[in-house]
Each structure stands twice: as C-alpha cells, then as structure tokens.
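K.L.:
We have chain Y; now place chain H onto it with these hints.
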Amino acid sequence: MSSVAQKKGFGATLWDWLTTVDHKKIGILYFLGGGFFFVVGGIEAMLIRWQLHKPNNDFVSAGLFNDLITMHGTTMIFLAAMPILFGFMNAIVPLQIGARDVAFPFINSLGFWMFFFGGLFLNISWIYGEVPDAGWTSYASLSLASPGHGIDFYAIGLQIAGGGTLMAGINFLVTIINMRAPGMTYMRMPLFTWTTFVASAMILFAFPPLTVGLFFLTFDRMFGGNFFHHAMGGNTIIWEHIFWIFGHPEVYILILPAFGIFSEIFSTFSRKRLFGYPSMVFATVLIGFLGFMVWAHHMFTVGLGPTANAIFAVATMAIAVPTGVKIFNWLLTMWGGSIKVTTPMLYALGFIPSFVMGGVTGVMQGAAPLDYQLHDSYFIVAHFHYVIVGGVVLAILAATHYWWPKMFGTMLHEGLGKVTFVFFFIGFHMTFLIQHWLGFWGMPRRVWTFMDGQGWNMANFISTIGAILMAVGVIVLVINIIITSVKNVRVSNDPWGDGRTLEWAIESPPVFYNFPTTPLVRGLDTVWIEKMEGNEAGYTAAEPVKDIHMPNGSIIPLFMSLGLFVAGFGAMFRTETSWGLPVLIIGLAFTFVCMSARSLIDDTGYYIKKDELLRDMKRKGGQA
Amino acid sequence: MMKGLKKWRLFSLLAVLTVFLAGCGQEELSTLLPAGQVGKDQFNLLLLSSGIMLLVIIVVVAIYLIALLRFRRSKLGEDHIPEQVEGSHTLELVWTIIPILLILLLAVPTVYYTYKLGDVSAMGAVDDEGNPENLVVDVTAKLYWWEFEYPDLGIVTAQELVVPTDEKVYFNLLAADVKHSFWIPAVGGKMDTNVENVNKFYLKFDKDSTDLKDGVFYGKCAELCGPSHALMDFKVKTMPRADFDKWVAAMQSTKDEQVVANPQGEEVFEASCIYCHANSGAGESGAQGPNLATFGDRNRIAGYMDHTKENLIEWIKDPQEHKPGNTMPAFKDQLSDEELDALAEYLMGLSVEK
Numbered sequence: 005m006s007s008v009a010q011k012k013g014f015g016a017t018l019w020d021w022l023t024t025v026d027h028k029k030i031g032i033l034y035f036l037g038g039g040f041f042f043v044v045g046g047i048e049a050m051l052i053r054w055q056l057h058k059p060n061n062d063f064v065s066a067g068l069f070n071d072l073i074t075m076h077g078t079t080m081i082f083l084a085a086m087p088i089l090f091g092f093m094n095a096i097v098p099l100q101i102g103a104r105d106v107a108f109p110f111i112n113s114l115g116f117w118m119f120f121f122g123g124l125f126l127n128i129s130w131i132y133g134e135v136p137d138a139g140w141t142s143y144a145s146l147s148l149a150s151p152g153h154g155i156d157f158y159a160i161g162l163q164i165a166g167g168g169t170l171m172a173g174i175n176f177l178v179t180i181i182n183m184r185a186p187g188m189t190y191m192r193m194p195l196f197t198w199t200t201f202v203a204s205a206m207i208l209f210a211f212p213p214l215t216v217g218l219f220f221l222t223f224d225r226m227f228g229g230n231f232f233h234h235a236m237g238g239n240t241i242i243w244e245h246i247f248w249i250f251g252h253p254e255v256y257i258l259i260l261p262a263f264g265i266f267s268e269i270f271s272t273f274s275r276k277r278l279f280g281y282p283s284m285v286f287a288t289v290l291i292g293f294l295g296f297m298v299w300a301h302h303m304f305t306v307g308l309g310p311t312a313n314a315i316f317a318v319a320t321m322a323i324a325v326p327t328g329v330k331i332f333n334w335l336l337t338m339w340g341g342s343i344k345v346t347t348p349m350l351y352a353l354g355f356i357p358s359f360v361m362g363g364v365t366g367v368m369q370g371a372a373p374l375d376y377q378l379h380d381s382y383f384i385v386a387h388f389h390y391v392i393v394g395g396v397v398l399a400i401l402a403a404t405h406y407w408w409p410k411m412f413g414t415m416l417h418e419g420l421g422k423v424t425f426v427f428f429f430i431g432f433h434m435t436f437l438i439q440h441w442l443g444f445w446g447m448p449r450r451v452w453t454f455m456d457g458q459g460w461n462m463a464n465f466i467s468t469i470g471a472i473l474m475a476v477g478v479i480v481l482v483i484n485i486i487i488t489s490v491k492n493v494r495v496s497n498d499p500w501g502d503g504r505t506l507e508w509a510i511e512s513p514p515v516f517y518n519f520p521t522t523p524l525v526r527g528l529d530t531v532w533i534e535k536m537e538g539n540e541a542g543y544t545a546a547e548p549v550k551d552i553h554m555p556n557g558s559i560i561p562l563f564m565s566l567g568l569f570v571a572g573f574g575a576m577f578r579t580e581t582s583w584g585l586p587v588l589i590i591g592l593a594f595t596f597v598c599m600s601a602r603s604l605i606d607d608t609g610y611y612i613k614k615d616e617l618l619r620d621m622k623r624k625g626g627q628a
Numbered sequence: 029m030m031k032g033l034k035k036w037r038l039f040s041l042l043a044v045l046t047v048f049l050a051g052c053g054q055e056e057l058s059t060l061l062p063a064g065q066v067g068k069d070q071f072n073l074l075l076l077s078s079g080i081m082l083l084v085i086i087v088v089v090a091i092y093l094i095a096l097l098r099f100r101r102s103k104l105g106e107d108h109i110p111e112q113v114e115g116s117h118t119l120e121l122v123w124t125i126i127p128i129l130l131i132l133l134l135a136v137p138t139v140y141y142t143y144k145l146g147d148v149s150a151m152g153a154v155d156d157e158g159n160p161e162n163l164v165v166d167v168t169a170k171l172y173w174w175e176f177e178y179p180d181l182g183i184v185t186a187q188e189l190v191v192p193t194d195e196k197v198y199f200n201l202l203a204a205d206v207k208h209s210f211w212i213p214a215v216g217g218k219m220d221t222n223v224e225n226v227n228k229f230y231l232k233f234d235k236d237s238t239d240l241k242d243g244v245f246y247g248k249c250a251e252l253c254g255p256s257h258a259l260m261d262f263k264v265k266t267m268p269r270a271d272f273d274k275w276v277a278a279m280q281s282t283k284d285e286q287v288v289a290n291p292q293g294e295e296v297f298e299a300s301c302i303y304c305h306a307n308s309g310a311g312e313s314g315a316q317g318p319n320l321a322t323f324g325d326r327n328r329i330a331g332y333m334d335h336t337k338e339n340l341i342e343w344i345k346d347p348q349e350h351k352p353g354n355t356m357p358a359f360k361d362q363l364s365d366e367e368l369d370a371l372a373e374y375l376m377g378l379s380v381e382k
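Sequence order for the protein chains is Y and H. According to the numbering used here, the first sequence is numbered sequentially starting from 5. According to the numbering used here, the second sequence is numbered sequentially starting from 29.
Just chain Y, with the same shape it has in the complex (with noise of 0.2 Å):
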C-alpha cells in the first residue's frame, strides 16, 4: 500500500476499495469474498454431516437438506474455490510475469464485482426462504420441477457470477499472452503462471455452454421457454449435456492452478528446479485439452449407449497418463533436493497421497461397466471430495500460508499452520476415505436420512466426526490470522528465504506500481539465478527508470454489477408482481448507462513521476 494511502480515513480507505483497479486489491477482495463463501458453504456441510451422524435424524428436514446439499456444492464450487483461486492469480501473476498489473485492470474490478453480486443474489435465497434445492448440477426435470424461486435464484445468482468468472478469464489470458516481463518467455513462466493461463483458456471455453444453459434454464423457468420441457418438445438430457461440457472443465479449472501452487511450493522448499518443466507444461496443456474431450463420464448412466460409453470411458482413462507425469514430476523435484518442512511444504506433502486416491479413483469410475455401480453413490462423493478437498482446498490452504507474506505484508504463525494441517488431514480422510465403502455397501448420495440396518451408521458417524475435525483445523486457522493480524510482523522481500520466482524479488506487500522498473527476466526461475549469482536485490532492471503510466480507480463496475443484481430480482419477480417488470428494465438500463459512460468518458490514467519513483526507491534504501 503506498504511503499516500496510509493516511486516509475510514471513508476514504473504503471509498479506495471500492474503486480500486490495482490487483493486488482485487486479489485480496476475491480472498477475503471467497473466503467469507468457503466459510458458509463449510456450515452447510457441517450441517449436512450432523443430519447424517445416525439414521434416522431429524436435525433438519428433508427439504431443507436439499436445500443445503445444493447450496453447498454451488457455493463451494463458484463462491469459494474459483473466487479464493482468483484471488491468488490476482495478486501473484503480474509479480510472478513481472508486470505491473493485469492487461484490463477496470475489467479484472468488473469480474470481482459480479462475482461478489452473483454471490450474493444467490445467498439471498436463504433469507427470502425459497433456495436452490436441485443439487448444484440442477438437472432440468427437476429443476423445472421444484416449486418456489429456489431455481431461479441459481440460475440468475450464476449467470451474474459466471460472468465475472469469464472476464477474469480472458483477462489473464490477454495480461499472460502481452504482459510478460522482457525474457520471460513462455518457458521460462512459473508453473503457476502456466496453470493460470491454461486455466483461463479453459473458462474461454467452457463458460460460454454454462451461461447458455442458464439462460435456457432461466427462460424455461421465467418467461415461459420450453428448451427442457420435454411435453413441449424440449429435452432434459440436452441440459446434462450443456452443464457437463461446462462441468468437467470446471474441475481442471479448479486443480489446474492447485498444481501451479504445489509446483512452486515443492520447487521452492526442495530448493530445486522443478524436475521435467517441459513435460510438465506440455501434461498442463494437455489436460487442459483432454478436459474438454471427457465430460459425458458424468452420464454413463443416462443410456447414451455403449459406443459412447466406450468411447468417453477410454478418453476419460487417458488423462491418468498427464497427471501421473505431473506427479512423478513432482516427486523427483523432491528427489535429491533439499527438503524443508514448512507448513506450506506440509500441505503439499498432504497432497501427494491424496490427490492420488482421488486420481485413481477417478480411473476406476472411467471404467463405465463399474461406473455404473458406483455412480450416484456415496463413492463418487468420496471420489470428488479426494480431489476438490484433497487438491484444490488443500493447495488453497498451501497458498494461503505460502503468499500470505507478499498479500499482507506478514507471516502466518508455523506452528499453528501446522495445526491447522493435522486437524485437516486427519479430518479429511476421516471424512471421505470410508465414504467409498458406504458407496460399495448401496448407499446412493443426496440422501437427506438413512433407515437403520443397512450396515451404513457407523461409517457415517466416522464421517462426521472428521467433518467436526476438518472444522477445527478452520477455526484455527482463522485464529492464526487474526493473531498474526494483530500482531504485525513485517517481513522481507523472500521471507521463506528460498523464493524462485519474481514476486519474491520485490517488497512484501509490493508497492502499488510493484516493480519500479520492468525487470529483465534470465531464465526460469530468475530469483534463484540472480540470487546464486550474488545479486541480492534478485532482479536486474530491464530499462531506466521512467515516468509509470497508471490506471484510475473507478466505482462503475461496481454499479454496472449492481445494475445486473437488481434486474434479477426484477426478471424474477416479473409475473407476480407489478413491479417485476420495470425493475427488470430499470436494472438493465442503469448497467447499460453506466457501460456508456465508460465508454463515452475518456479515462487516461495517470503517470507516476520518475522524481517520485526514485525517492520511493531512495527511502527504501533500494538500487537506483
């Protein structure tokens, strides 16, 4: 934060929020948004894991956990994981490509505040009382089905956040293609940056189908559509289709910059390069690829036919080889290294063996003739948990201790990092290792009870158990931040001692404008050969230093979003009540004034003078 913000009053601090277009701000917003999700999507599940601690519990009804099983799945998915990983890509990739901010950095506001809007319209089912209960695939017969406005808050909660989701995307893929520090070549960017960008890729390509489903869906629903209505010639098994084709991207999506965070983490705390970089660039691609190519594994079941099912079965089987190459990649990056446990380092070391269990179950469910055992069962729920929890949330918390230090300045206490993992891990397994067997033994997932004497109570009070566990290791973990919060400690540039990569060559948390000159990139992971060739600084400018060209703050995306939530309601409300209809349109219409506003008002930013630049740099005590 610069100088000049530290002196703001409370108005102004969150006047600054709220307008802000700096990255590392935006990264933190989708931290601190998603993280406030991931919290209310971990009660939904607390909850569900009590209701199922013994057969036959009323804790809650059976609509009321439908409630929370959809509502848990969708805000984990969009609310928690997506906005949390965004969060880290915001405030590390520009460092880590030595830029000084996104390519769109009014944009990348836009994304954050439709995300945050969407979250919110779809939270707000909780106080209207009439939530999503479809299960967050909200299959069309169903949907179409369920009473109330439960759906249409999903349908137009998502589309408001998918939108966002698809701005961020394209705003990496522009800021990873055109922003790149001079030699930072395309393989010499750190495995993060690599997954960010295959990631982003993969959001181009996949929203698109779900934005179009939603709408269908939003249009069946409200204004009288008949896409899914299969009695007006419409047909439900198009929208399974259009939500996998989405649904299975999302996933490498989510595990995709899981794998950028473990690469640098594993490369950093075994202080080695990573084993293999190419082959592990080209798995990244390549899943990201065979992502697309798979998605029909989630209906093995439907009756497409056992051409299609061998097909999809075999395709599904291949995206083993990729990933296994990433894991070995992984193991002898370790091999031969020199291995330094560290809370983050503990997370990966959590990680190995369980995404693995994922992953291999993963395989035994592309095998279609088992699949159609263990499909819909509590075996696929142990499946996706390995890899979403034992991946994706596990590289979350990675990441969380890891770049704390370069988001905010100061260290999470070890220790209680390492709490927090025991408590989780353990938890974690607890929770999902036996689910496999409940699976085996007939249970079918999206059960709100279970009747006694079915062999099935006390795999589930296992369960349970390690939920109640996994939510200590939370709760520990938000004492630590606030402890640390409190506390703070500044630190150094590397505070880890053994960073590789560009964001550890500049101040914890950077500047605003991050790099006072453009650095000159020498290679994959350029810290470390500055740092073994003596310069402690880490980074060699590229250029003098020279006035900085800076964007504007503006409030407009976040009226442009709220123009969008307030047309929901509208849009929503349309045939009941008389005021649905001009809300509908007023909504619209403000977001489109406030996109011709932008449009019409010329923003040129402003420059950071070069006398400015090199007092800053002077105080600091850094290289002029």
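No wet-lab data here; the hints were simulated from the structure. No residue lacks a Cβ here, since even glycine has one placed at the ideal position from N, Cα and C. Treat the hints with care, as some may be off.
Stated by the list, open to error - Listed next, the in silico DMTMM-like pairs over lysine to aspartate or glutamate satisfying Cα-Cα at most 20 Å (straight line): (1) K274(H) / E373(H); (2) K344(Y) / D107(H); (3) K344(Y) / E111(H); (4) K103(H) / D502(Y); (5) K58(Y) / D334(H); (6) K344(Y) / D194(H).
Claimed, not checked - From chain H, some residues computed to sit far from chain Y (all C-beta separations above 12 Å): (7) G67; (8) G115; (9) V154; (10) K235; (11) D236; (12) M267; (13) E338; (14) E373.
Said to hold, decoys possible - One side of the interface only, derived from the structure: several residues of chain H facing chain Y at Cβ under 10 Å: (15) G53; (16) S77; (17) V88; (18) D242; (19) Y246; (20) K351.
P.N.:
Below, chain H without anything else, positioned relative to chain Y:
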C-alpha cells in the same frame, strides 16, 4: 516356474483384495457381494482396477517416502544447494509409457464389458410360436414409488419387483414425472429412468432372495428427485422359475377373485382409494398410485416403514408427514378411525402368496 510364481503373487494380491473389499456390507444391498452376472462382471472390474490402482499408489508412496526421508534439509545442512537438475527424458518416458500400458490393461475389459452389459438385442426375441423368449419388465419411476409392469404377462405390481432367478430379465425404464435412477446394488449397476425416452438394460438374478435378512434385495433411487429421494426405496423378490410362474398365475387371477380380509375395509377402499389405486394385479401401468394387489405380501409400508398395520394407518392419515412431496392426499379428515382400521386390515390381507 517364474511364471507360476508371478501368477501366484497376482492371485494372492487379488485374494487379499477380495477379503479387504468384501469383508463388509450386507448381502441384500452390497455391491461387494454381487448376486448376479451383471454385478459379478462389475465386481471383477472393480477388483482389476483396484489392483492396478493399488500398485500405482504403492509405487508413488514408496518414492515419496524415500525422497522425504533422504533429502531433508535438517540432514543436509542449512546451506546445502542441491544440483538444479532439469529433468530426465528416460525417466519421463518410463512414467509415461508404463501408465499407458496399465490404462490399456484396464481399457480392454472395460470396453468388452461395456458392450456385453449394453447388449439388449435379445429383448424382443420370440420363439417359433411367437411367444417372447425373455421376461421383460417395464419400470416406471414416479414421485416416490416404482411401478413394475410385465407387458407379456398382463400383470402389474408396484414397490416390490418379483423376478425369476438364473435367467436374464430385461427392463424398459422410464420416469413419469422427474428423472430417477433404478438401482439394485447387490445385483448390478444402475440405469437412469429419463422422462423423455425409454432406457433398456438387463440384469441377472442368481440368488433366491428368501434366505436374505428380509427375504428381499434392496432397490434404491439413485438420482436426486426431490425431498423424498432418500425414501424412494423398492424391494426385489427373486425365486426359481417354477415359483415365479405360480406367482404370475396368482397375480393374473386377482382380476376375478380376491381375498377380502375385511368387507367394510373393501367398501372404504372402493369409496376412497380405487380412483388412484388398483387392487387387481391384472392390468397395465399408468396408475396414479401404486397397485395394491400384493400389499399384504410386501416388506415395507411406503417403501421404507416397517410393515405393520399401525404404520399403514399413520401413512394413510398423513402421507406428507412421512414422505414429503409425494402425491397422495391426506385422509385423516375423510376417514374415521374405525374406517381406517377396517381399511388397513383389508389392505394387509391383499395377497397372492399366502
């Protein structure tokens, strides 16, 4: 000799796995104790894939543990700078090719079984006299109950599927309202009941269900279908072909003669229930409510409650309380306690097996 040793190793690995996997679960609903050819095929695939995957896990964990133990900074010293190895083409080829081979090993039986289990070509086959060669059951899934029609036999039942053992039974699957999924875990994998098209598959039942805990296999709905998805259970009775034929004959005869355990109950039934529920097993599917011709033979009330008269009365009084979202109206205000009692006695007496 070596070859024999290898086989023995593989066998012992599979044996250990079998014990490990099959050690648990209940016979009437565990996929690990398959009671039919389809379930057995799937179980074999489970053993094969688990074996391969266990191998992968062991290799990964071994490398992982050795690396973690050998290359700790606490051993190597704080200042140790490891060699910055770029990679190894040989190693990378090894861990690309071996997984490809393992995947192929799994892919071949996968494709084979996919076609084998998807083969319903014999479904409409008829013998020289034009009689169907195989039993076909039309399954219709409804909020939250199952209707089973035997189109070639002219009978229909609900909630309890009755099938002969040791022959392929073919199913036509359809949903009447929202999507459901038809699953008998112990006998074979599931298939969805879509709303717009009929799915076809077959199962084979190799075990007589009379020896099981409740005398039935458990069936489940596996696709989220609304509030009472969890309660959308059904049961499966399997019996030798001769017994099945007897059952079919008894079902067909319910058209003409029926046990009437309580005549007053029958009157109540004909005044209040018959608009949605049939009490004759002869007919076709498409009813509003489950066919009740075999009600007395059943195992559960509403698919999941204990089969007692008290539960039945409770159910009729207020079905929504027990199975939220089902389409049956409440009768607590329409019927007196006496009428309910008579009705329950009548219903519990409807039987083709006794």
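K.L.:
With chain Y as the partner, please determine if V88(H) meets the hint condition of a C-beta pair closer than 10 Å.
P.N.:
5 Å, holds
K.L.:
Minimum Cβ distance from S77(H) to chain Y below 10 Å?
P.N.:
Holds: closest Cβ of chain Y sits about 4 Å from S77(H), inside 10 Å.
K.L.:
Given K351(H) as an interface hint, is the shortest Cβ-Cβ distance to chain Y below 10 Å?
P.N.:
9 Å, holds
K.L.:
Starting from K103(H), check that the Cα of D502(Y) is at most 20 Å away, please.
P.N.:
At roughly 17 Å apart (the allowed maximum being 20 Å), D502(Y) and K103(H) satisfy the hint.
K.L.:
Does D194(H) lie within 20 Å of K344(Y) when you go C-alpha to C-alpha?
P.N.:
Distance ~61 Å between K344(Y) and D194(H) Cα, so the pair is violated.
K.L.:
For the hint on G53(H), does the least C-beta distance to chain Y fall short of 10 Å?
P.N.:
4 Å, holds
K.L.:
For G67(H), is the shortest beta carbon distance to chain Y beyond 12 Å?
P.N.:
Label violated. Min Cβ-Cβ 7 Å, cutoff 12 Å.
K.L.:
Is it correct that the beta-carbon of G115(H) has no partner in chain Y closer than or equal to 12 Å?
P.N.:
Check fails; 4 Å does not lie beyond 12 Å.
K.L.:
For M267(H), is the shortest beta carbon distance to chain Y beyond 12 Å?
P.N.:
Given a closest Cβ separation of 22 Å, the condition holds.
K.L.:
Check the hint pairing K274(H) with E373(H) against an upper bound of 20 Å on the C-alpha distance.
P.N.:
With Cα atoms ~25 Å apart, K274(H) and E373(H) exceed 20 Å; violated.
K.L.:
Please verify whether K344(Y) and D107(H) have alpha carbons no more than 20 Å apart.
P.N.:
12 Å, holds
K.L.:
Regarding the pair K344(Y) and E111(H), is the alpha-carbon distance no greater than 20 Å?
P.N.:
Cα-Cα ~16 Å, so holds.
Checked against the numbered hints given earlier, this structure breaks hints 1, 6, 7, 8; the rest are met.
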